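S.K.: Protein chains in written order, with numbering that gives the first Met the number 0: chain A, 0 to 338; chain B, 0 to 338; chain C, 0 to 338; chain D, 0 to 338.
Calculated directly from the structure, the hints in this document are not laboratory data.
Owing to the predicted nature of the structure, the values given are computational and were not obtained by experimental measurement.
Every residue gets a Cβ at the ideal spot worked out from N, C-alpha and C, and that includes glycine.
Hints should not be assumed to be uniformly reliable.
As the list claims (entries may be wrong) - Pulled a few chain B residues facing chain C out of the computed Cβ check, cut under 8 angstroms:
no.: 1; residue: H158
no.: 2; residue: R272
no.: 3; residue: M276
no.: 4; residue: W277
no.: 5; residue: A278
Claimed, not checked - Below are the DSS-like pairs computed for lysine-lysine, each with C-alpha atoms no more than 30 angstroms apart in a straight line:
no.: 6; chain 1: C; residue 1: K303; chain 2: C; residue 2: K326
no.: 7; chain 1: D; residue 1: K326; chain 2: A; residue 2: K249
no.: 8; chain 1: B; residue 1: K249; chain 2: D; residue 2: K224
no.: 9; chain 1: B; residue 1: K326; chain 2: B; residue 2: K303
no.: 10; chain 1: A; residue 1: K249; chain 2: B; residue 2: K249
no.: 11; chain 1: B; residue 1: K249; chain 2: A; residue 2: K224
Protein chains: 4
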Amino acid sequence: MIGVGVIGYGYWGPNMVRNFSEIAEARVVAVCERDAERRALVERRYPSVRTTADRSELLADPDIDAVVIATPVDSHFPLALEALQAGKHVLVEKPMTESAEQGERLIDEAARRNLVLLVDHTFIYTGAVQKTRELVESGVLGDIYYYDSTRINLGLFQHDVDVIWDLATHDLSILDHVLDARPVAVSATGTSHVPGSPENVAYITVYFDGNTIAHVNVNWLSPVKLRRTLIGGTKKMVVYDDLEPSEKIKVYDTGITLTDDPRQIYNMLVGYRTGDMWAPKLNGTEALRAEAGHFVDCVLGRAKPITGGDMGLRVVRLAEAATASMKRQGEPVSLDPMP
Amino acid sequence: MIGVGVIGYGYWGPNMVRNFSEIAEARVVAVCERDAERRALVERRYPSVRTTADRSELLADPDIDAVVIATPVDSHFPLALEALQAGKHVLVEKPMTESAEQGERLIDEAARRNLVLLVDHTFIYTGAVQKTRELVESGVLGDIYYYDSTRINLGLFQHDVDVIWDLATHDLSILDHVLDARPVAVSATGTSHVPGSPENVAYITVYFDGNTIAHVNVNWLSPVKLRRTLIGGTKKMVVYDDLEPSEKIKVYDTGITLTDDPRQIYNMLVGYRTGDMWAPKLNGTEALRAEAGHFVDCVLGRAKPITGGDMGLRVVRLAEAATASMKRQGEPVSLDPMP
Amino acid sequence: MIGVGVIGYGYWGPNMVRNFSEIAEARVVAVCERDAERRALVERRYPSVRTTADRSELLADPDIDAVVIATPVDSHFPLALEALQAGKHVLVEKPMTESAEQGERLIDEAARRNLVLLVDHTFIYTGAVQKTRELVESGVLGDIYYYDSTRINLGLFQHDVDVIWDLATHDLSILDHVLDARPVAVSATGTSHVPGSPENVAYITVYFDGNTIAHVNVNWLSPVKLRRTLIGGTKKMVVYDDLEPSEKIKVYDTGITLTDDPRQIYNMLVGYRTGDMWAPKLNGTEALRAEAGHFVDCVLGRAKPITGGDMGLRVVRLAEAATASMKRQGEPVSLDPMP
Amino acid sequence: MIGVGVIGYGYWGPNMVRNFSEIAEARVVAVCERDAERRALVERRYPSVRTTADRSELLADPDIDAVVIATPVDSHFPLALEALQAGKHVLVEKPMTESAEQGERLIDEAARRNLVLLVDHTFIYTGAVQKTRELVESGVLGDIYYYDSTRINLGLFQHDVDVIWDLATHDLSILDHVLDARPVAVSATGTSHVPGSPENVAYITVYFDGNTIAHVNVNWLSPVKLRRTLIGGTKKMVVYDDLEPSEKIKVYDTGITLTDDPRQIYNMLVGYRTGDMWAPKLNGTEALRAEAGHFVDCVLGRAKPITGGDMGLRVVRLAEAATASMKRQGEPVSLDPMP
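Bound conformation, chain A alone:
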């Protein structure tokens, strides 16, 4: 039985508490939250869970083996570091940290102490992303031409991070998980429409080795909500629409065929192929539930982190590069190979 402490009971913390409560091998021991009303809410919903406004109390609790951090981004690094130093395993909300440097520091600390460091890239645990990875890995799609995601809606404006760190990090983690290719350069554009606020519209292009290209369109100011990703491959193509109630993943037997007949050199070299469409049934388990279970498995030594500190760091590095490029109106930023 793993004792779990949760820091932060704002927007996402309640989902963490609810999911860990339903796992047989975990027990939510305490919740740390500054706001008294929010603490009262925990007490009403979970009479057996202790609450505190003081994180030191939670970190000192010997009944707590693992800490979940569900707080604003700027506190991820100090809280995660402190928790690791207190000997606790850590599950931290995405993005893992505000900078790659901080991320590296956390990875080192967790490695030195032999503790689990998991990052809450929830989408990786959805049936849709699992199926997408399976389609890519198994070669069903062929070589990947492009990944093109649109993730837009009205709000919620964040005041500490821009729309890249808030929304695009979802796609950067999916890219990292699904594609077997190394990003080599990033170009991003975007702007803020609210004086004094971070960028609320951004467009990111990631170049990979080979000729795979990825693009992410994120926007906090859209009148409609869209969550749609296209993946083009040499053999098949995928449309992943996360708002579809039942057919989130559609696989199209669509593509082009190239002619290398030299006599056609002045004619069209590209032919088109369209065939059946197929929407595979997806695993319907709630993603956060699967993630919580996976975290427990990692702590118990039964699994290796799927979205560990290393992935968290790669996402942060891409987001850093994208932000830097966006500040310079799209000037490309090269990505060094990870050490």
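Place chains B, C and D on chain A using the hints.
M.R.: Below, chains B, C and D without anything else, positioned relative to chain A:
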């Protein structure tokens, strides 16, 4: 009665001939086309229209007042120039030319000879774009935050122009027509997935003076066809979906409200507003028919070109800048004010 | 403060307990449920709520002013009657009873004792149905030509009631609430595809005085879920799609115009009119929350029941007539005016 | 080479002329049309086709082997009879005749003279209906539970036939072609909302032997256009949406499983199964072109009619029964086995 000659009877030429045939004040006198089978098709469909494989014959015909050029892009400039020099009014397919320099040359020639030079930016003549312009001009949308277009489908790969010149020029012309703002810089990314072929995927960001931003996503390799544009304003927002059979334009009473209460300086400054949605009835006239009629009106001196050489040139300059940026992975290209 | 007892903690009971728990003027005192595991669930979630397997205990509790009945249909009548006889106000799930006779008995009992009898026709409390009624009542739609609803999905097969009593009663209540017309006859068809089970597909036509007609298509065996109602009026028409996340109600300025020019007697007398479409913003309060609040208001004498026993009875009479017609392959059944 | 004469150049006639013009083994010899302007249109479009206002002239023409009848319904019988008596093969628009008696008369006449009698049930020649029939015949769907079609739009009001004869005959022909079951009874309801005009809304239920049931919802007064058919089978289910541009047929691996465990007799006997969805690629040939080609094949003795007089008659008998039921508010009408 205007005598019209059409050069090129491939993909788009038949639509030109059909539309000019139905205009009372125009008469299609001759069609010039190299391919004998295509010429035979014209003869079967329009027994009274002369056909020829020799453009000089058409240009020398005194019954022809105006020439429509519906040929590959690289022939637009020489054919349009020759037609103007022969004293004919010209309607040329988009993009007007392969370079801004060529475009300026055509504008000069038309101006010197007092001839009409119209560019076939067909979308400008649709009810949907007319309504969009009306919504922007009348102030219904407020100040424009962004324009975000996705224009993707499978094929047709072109071998002479890339996907920017083929598809994005539609959006660049709509931007030019609808927004009352000057583009100041362009960043574009993209790639080719077919060795030896032009880029088939591209993403263009256009920065305008003020803080309006535009983005265009074009792709010849998509498993699904999308034609969707979002326009965000301070007062209202528009979704324009050209594939909707009847409700192409939807106006959302959606937006944000900013707090300037200094006591809230550390809190969220942005509130959300959502209200009714409204889909106005659109003018359903075929756009090309309206354009053909407008061309006749211009030739008869009854109207000034809506999509004249000046607009054609602005579109070419944006496409040139986008292509240059794309070759350098998104490095921004500044746009000088038009002379 | 109203003390509330809930009988039944199966599929719908938990929603009742949750909603009454959140109302300031109500307190859930006890839950009666036969299944020990389900009772344990109540205890875990609501430590302060008493549980029992014996309804007599709940009905004898002087702290309980009102009873919510969330049990299978065949127990609605005996439980509601017993509760009324024990002096409790009653909120009973739809359909109110298995027969009109039973319904009349409950209405009498409630009237004699001056108790509130409310039926849980939840849809009536949605923003969408409220807006629809408002559009009809205010005359915006003109005279009503037809109401046409499709309410289909896969499962849940019921073993005590057929698809008319399970799904169509939603539409029959909406019809009753929205239309200002008296049903005069019903014809229904349908069949069972599972031997020994009630009908799982049914089609109901209701004729009203005037020439308004209503049709309801219900099906437990559909591969896709649909919840769509069309309402045609002389002035405007409505499409109400309950699965649309944000634009559930669309009002079309569409219709026909009739010519009475006698010279046109041999020609078409009908012209068409299409105009704008408008999707009004809807009240987004959870319907069951609004209903629970309304029940409390009725008990406190501050409101008259919107979905009282009289409406519950009219719905039961229509369902009875529809079932009778369905057994005879559509033979129409006349409806007497309500006494 | 078959010589073809077309009677009627109104709404549908032009499509007939165009399609027969494109068939190598057919030649459109003459068009008969009363309206002089419409005849002029034929002459302009097809200079080599003779026109006449006198059908006797067309029927007497020895160059004409086959006659296409594209006129209002009430003239189908006399014109088809006259054409057969003149020794011409006949392709007649649907519905074949106004009554079963007339239909039988035509079938006899064609049989006696050994002439082809084909009915223009165009949908039968679409890739979507072909695929549907293939899915049923091959057993992929299992036994058929139900067929449920919605075919609604605004207009066109007909003044000679009601909405059953105009729209529902499409579904009645598809039912006849796709299902391997005999209709045994019909119940229909509907009404007219325009005084003096035929019914513009109708709902038809067809009972088949076995427990297959079909339902057709047709309406000339809908604000939106819908063309959607659900087919439920024991193994798989189909959604056929004719307005989908590319995925008209979707096959769902969805259904129920029945328990016959006697110990579960008081529990639910029905389980649910949902799996993948699959949208097969369809033959994209224009249906009317395929039909025209098939007619020529029949005339040349190379094929047997797919939509011959016998099918045309079965559709007319169903429509007759439906109309009779509708006049009596859904009272069921039994169908005798065809002789």
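S.K.: Taking each numbered hint in turn, which are not upheld by the structure, reported in ascending numerical order?
M.R.: 1, 2, 6, 7, 9
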